[in-house]
Structure formats: structure tokens, C-alpha cells
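Student: Below are the chains, spelled out letter by letter.
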Amino acid sequence: MTAALNALGIAEARELLARRAVSAVDLTMACLSAMDAGTPLNAFVHPTPDIALAQARAADARLARGEAPAMCGIPVGVKDLFCTRGVPSQAGSRILSGFRPPYESTVTARLWDQGAVMLGKLNMDEFAMGSSNETACYGPVISPWRRRGSDAPLTPGGSSGGSAAAVAADLCLAALGTDTGGSIRQPAAFCGIVGLKPTYGRVSRWGIVAFASSLDQAGPMTKSVRDAAILLRAIAGEDEKDSTSAPEPVPDFEAALGQGIRGRRIGIPREYRLEGMPAEIAALWERGAEWLRAAGAEVVEISLPHTRYALPAYYVIAPAEASSNLARYDGVRYGHRARLAQGDGIVEMYEKTRAEGFGPEVRRRIMIGTYVLSAGFYDAYYNRARKVRALIKRDFEAAFAAGIDAILTPATPSAAFGLGEKAAADPVEMYLNDVFTVTVNLAGLPGISVPAGLDAQGLPLGLQLIGRPWDEAGLLAVAEEVERAAGFVSRPGKWW
Amino acid sequence: MAEIDTETARRVAHLARIAVAEADLPALAAELSGILAFMEELNAVDVGGVEPMVSVTPMRLRRRADAVTDGGDPAAILANAPDAREGYFAVPKVVE
Chain A
1 MTAALNALGI
11 AEARELLARR
21 AVSAVDLTMA
31 CLSAMDAGTP
41 LNAFVHPTPD
51 IALAQARAAD
61 ARLARGEAPA
71 MCGIPVGVKD
81 LFCTRGVPSQ
91 AGSRILSGFR
101 PPYESTVTAR
111 LWDQGAVMLG
121 KLNMDEFAMG
131 SSNETACYGP
141 VISPWRRRGS
151 DAPLTPGGSS
161 GGSAAAVAAD
171 LCLAALGTDT
181 GGSIRQPAAF
191 CGIVGLKPTY
201 GRVSRWGIVA
211 FASSLDQAGP
221 MTKSVRDAAI
231 LLRAIAGEDE
241 KDSTSAPEPV
251 PDFEAALGQG
261 IRGRRIGIPR
271 EYRLEGMPAE
281 IAALWERGAE
291 WLRAAGAEVV
301 EISLPHTRYA
311 LPAYYVIAPA
321 EASSNLARYD
331 GVRYGHRARL
341 AQGDGIVEMY
351 EKTRAEGFGP
361 EVRRRIMIGT
371 YVLSAGFYDA
381 YYNRARKVRA
391 LIKRDFEAAF
401 AAGIDAILTP
411 ATPSAAFGLG
421 EKAAADPVEM
431 YLNDVFTVTV
441 NLAGLPGISV
451 PAGLDAQGLP
461 LGLQLIGRPW
471 DEAGLLAVAE
481 EVERAAGFVS
491 RPGKWW
Chain B
1001 MAEIDTETAR
1011 RVAHLARIAV
1021 AEADLPALAA
1031 ELSGILAFME
1041 ELNAVDVGGV
1051 EPMVSVTPMR
1061 LRRRADAVTD
1071 GGDPAAILAN
1081 APDAREGYFA
1091 VPKVVE
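Which chain is which? The protein sequence lines are A and B, in order. Going letter by letter, the first sequence gives residues 1 to 496 in this note's numbering. Going letter by letter, the second sequence gives residues 1001 to 1096 in this note's numbering.
Hints were generated in silico from the structure; no laboratory data involved. Misleading hints may appear alongside valid ones.
[To be verified] Simulated restraints on C-beta separations:
1. B:Gly1072 to A:Ser243: 20 to 30 Å
2. A:Ser33 to B:Asn1043: 24 to 34 Å
3. B:Ala1079 to A:Gly376: 35 to 45 Å
[Stated by the list, open to error] Far from chain A, some chain B residues (derived; all Cβ distances over 10 Å):
4. Glu1007
5. Glu1022
6. Ala1023
7. Gly1072
8. Asp1083
Glycine included, C-beta positions come from ideal geometry on N, C-alpha and C.
Turn these sequences into a full structure, and let the hints steer you where they fit.
Tutor: This is the structure we're talking about:
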């Protein structure tokens, strides 16, 4: 064995497990010790070694019987946003401290049914609201990556920062993330891994703590495009418990790989060429287009005219939905309740509980959402944003109707920044991180971030591909071509 | 459009049921105003004749039979409550 077991991806481990060359218990033990050593990263916030070992033993028994679904025996990490039975599920928030769900999310239940192994819960921005992991109640995740010649701690991105860091640092083989405005793709890009946001409705949202229900979607964060295909198939599909999960057939996404992309039409949206875009990002984007051209795709410029309105529309719609979804945290049924003073009534209980339980960014977004939904402003802000959203979706529909198969863009406007670097800045500056990813959530499309190179300081940069609705298979095939051409093999130097 | 003043910030905080100290209201108002200013960009878009988007995928939400499918487990429901007594969630007195 040349590589440590925890450094394997899903596909490689699956092959070794099937040949009985390694056991699920071996894989799990390797990950558990990597997690112990990886404590300084602050990625795993609720490790579950006992569950992991019990599931690994059960997986080995299934493998011995020759009954081996793709994820059987594969150790994964789970973002803290997923409810997992009996295991703390806090969404990175103090307001859910002590909460142990008596039920299991559909996505995680599907994984455990298929024999996957849960290593624990992964750190994240509070209620998935953030792009740097700095809003987490557990303190930020530290990226395994550092700038060349520097030991300044960097952000892994957010909100699925724990998931991205854990995969990049080989604490697990793969992880689950969720993406409302870029929360899978941006941290994947910052950490040099693959992150896939499926089409809205592809994956059940049941049992995932809701942020903005019309935008949220769970997806795989993995070490390769193939692994993303395997994990997506394992979690996708209609679910009776989520009325927005779609009755679409789930194809074998892996089968679409390796078929080549000759003749595919790839769009380059001119509106994504932002003023002041760093030269490295522009060059990487151009290189990506060249790779796809060399693979036989036709690369054409396209226009998505409403792109510049996506961020402001998102920052109306997402907080509006959040203010409604987060109304349930009232100190009555679960989680934190404030200590009350003599004579405090139920309103004081709500107000104190929510002031103590939510961090500043979550409070800010709830209040903005409350404002844009309040009488007199609903039309001016919320309805207008929903109309703009319809126009953004229409832009994509027009591009696809004109024969575009996938769209290539940068994943992020920069490489990872330092922890604390944007803390003092105006909240809007942090929001700009989502500039390339947020359109995809508004339009409900599948999007994937693929590591494609390093910047001058040695930090990963990603390219994003956006696909037609329900065409994750076609999207993954193009992504695999970028992965192959980029030949990205860089790993963070182990400092922890 | 609207600038959020201290009075509006107080009203929004109360609507959201989030306690904000009197001394913190001016800073909150300024912060919320900054975010609103960012949203004002939407006013540049011609949205004439456009219907607000209500659903990501053009699908009719599935219906199910109106039947009891779960329940009968008050212990599990109350297990996470900060205060539960005699099979109920307990809260401060609501009516005198």
C-alpha cells in the first residue's frame, strides 16, 4: 500500500473493499486516527467513533456476504446541518446546543442503509450563513492549506468549510455538504477538492436544517469527479417526506464518465468577466476553455444579461426565507432557552433566547428578512427580487435552448483568504464571494467546482461548470475532462 | 428607497423577536441600511410583465392522503425540550 488508507477516494477504496484487500474497519480506524491528529483543523466537531466502528463491522459482514452497494464500508463525514439520530446536530449554532434529533435525515439514512460509515459531524458557518466558517459557534475551521512560506491561518471557505477541510486533509474519504448560494462549491475550490451542487429537487432536503428552502440542496464533496458521481447516486432520488424532491429517475452517473465530450457546446458567459478580476483567475478560466476545446468541445461566448443582479436578489430572497424558517427556534421545543428574569413573560423568553442563541450574522439576516417581508416593503423588495430571479432563470433557459450543454466559469473571485481578514469588513464584502455560484441556486441548476490549479501563493483555485437541469451526468463528464486536463495533484503540506 | 432609522431597527428587531439593547440600535440601523443599499441595485431591472418566481422546477407539489402517518411518541417529541412537564412543553405564564 503506497498511500495511507485515509488518503483514498471512494472509487479506490470500493475496489479494495470488493477484493477484500482492506476491511471497512481498517479504513475507519485510519480515518479516526487522522481525525485525532487533525484536531487543530477544528473540522470534526462531533466525532462519532463508536457509531463508525459499529457501522464498519456491519459493512465488513455485508462485504463478506458479497453484498456490496457502492458506498458500503466507505467512511464519510457529515456536515452539522444534517439531523442524525441521537448525535448532536447543531447547524453550527448555539441555539441548537444539546439538540439530539430523534430521527435521521433522508440523505444520511440512505447512506447508512447502503453501508457507509459515519465518522462524525463537520463544522460549518452558523445555519450555513457565511463564506469563511467564521460564524460557527465552534470557532472557525482552519484550512489545511497555507500560503507558500507563511503560517497565517486561512479560511477553508464556507459554509461547508469543515467538510472541505476534512476531505482535503484526508480525515475522511468524502463528505456531505449543502449549498444555498455556493456553500459546497466555494469551500471545495478553496480546499482543492470537488464539490457538486445537484439540481434543485434531485436530493431530499428532509431532515436537513432549513436555511432558504427554495435554494438549499445537499451534495457530495469528494477527492475526484468519479467519487462525486458515486456519492450523488447514493443520496439522490425522490423522497415522500420532501414534496420538492422530484420524481426524476436517478441514472448511473458514473456510467457517463470516460465517454468524452466531443461536440459538446460549452458557454463562456461574458458577464462573469468582472471588472478587476485577478489576472490569475482570468488566466485559469481561459486555460479551462482551452482544455475543453482540446477535448473536442465547441467553446462559445454566451450572454447571461441579468447576472449582476443575482447577488442582490439572493440577499433578499435567502434572508426572507431564513427569517421564516428560523422562526421555529424559540426556546420551547429544542435547544437553548435563555435564563429568564423575575416577571419575564413569553415574549421576553423568545427575544432573549434568540438574542443569545443566534450569532451576529444570523441575527442580521433574520432581521433583514423580516424587514423585506414586512408590510409596505414586501413588493418593493421581496416580490421584485423574485421577479429578478425569474429573469436570471430565463437567461440560463435561453442559453440551453440555444444548444449550450454546460457553462464554464471561475468558482470563486479569489483564492482562500486569511481568517479574520474580512472580519472587520462590511458584510456585503463577504457576500461577494458568492458572485459566481449564487446564480446557479437561484436558477435551481446543477453546478460543480473542480480543482484546476494553484495561485502564485500556492493556494488552490477552482473552475465551475454549470449544467442543464437534471443533467448531472453530462455535467460530470465535462468536469472529468477538466479534472483530467488540469491534472491537479497538489496536496496541502501537513503542518498539523 | 428607505433608510433604516433607529425606530425602524427597533421595530424589526421586535418583529423578529430578537432582543437588541437600546445602545446597539443605531449601529444595527446603519448595518441594515448598508445591506439595503446593496439591494437597491434591483431597482435598475425592468421587471414589467414578469411574474415573481414561486417554484424552482415547474412542478405541482405532490399531495398525500390526509391521514395520520406518524405520532404516538410524546416522549421522543419532548426529549429535547428545555422544559417539559407532564407530557407538555412548559413556557412562562402566557395569560393571567
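Student: Which earlier hints turn out false for this structure, listed by number in ascending order?
Tutor: Hints 2 and 8 are the ones this structure does not satisfy, whereas the remaining hints hold.
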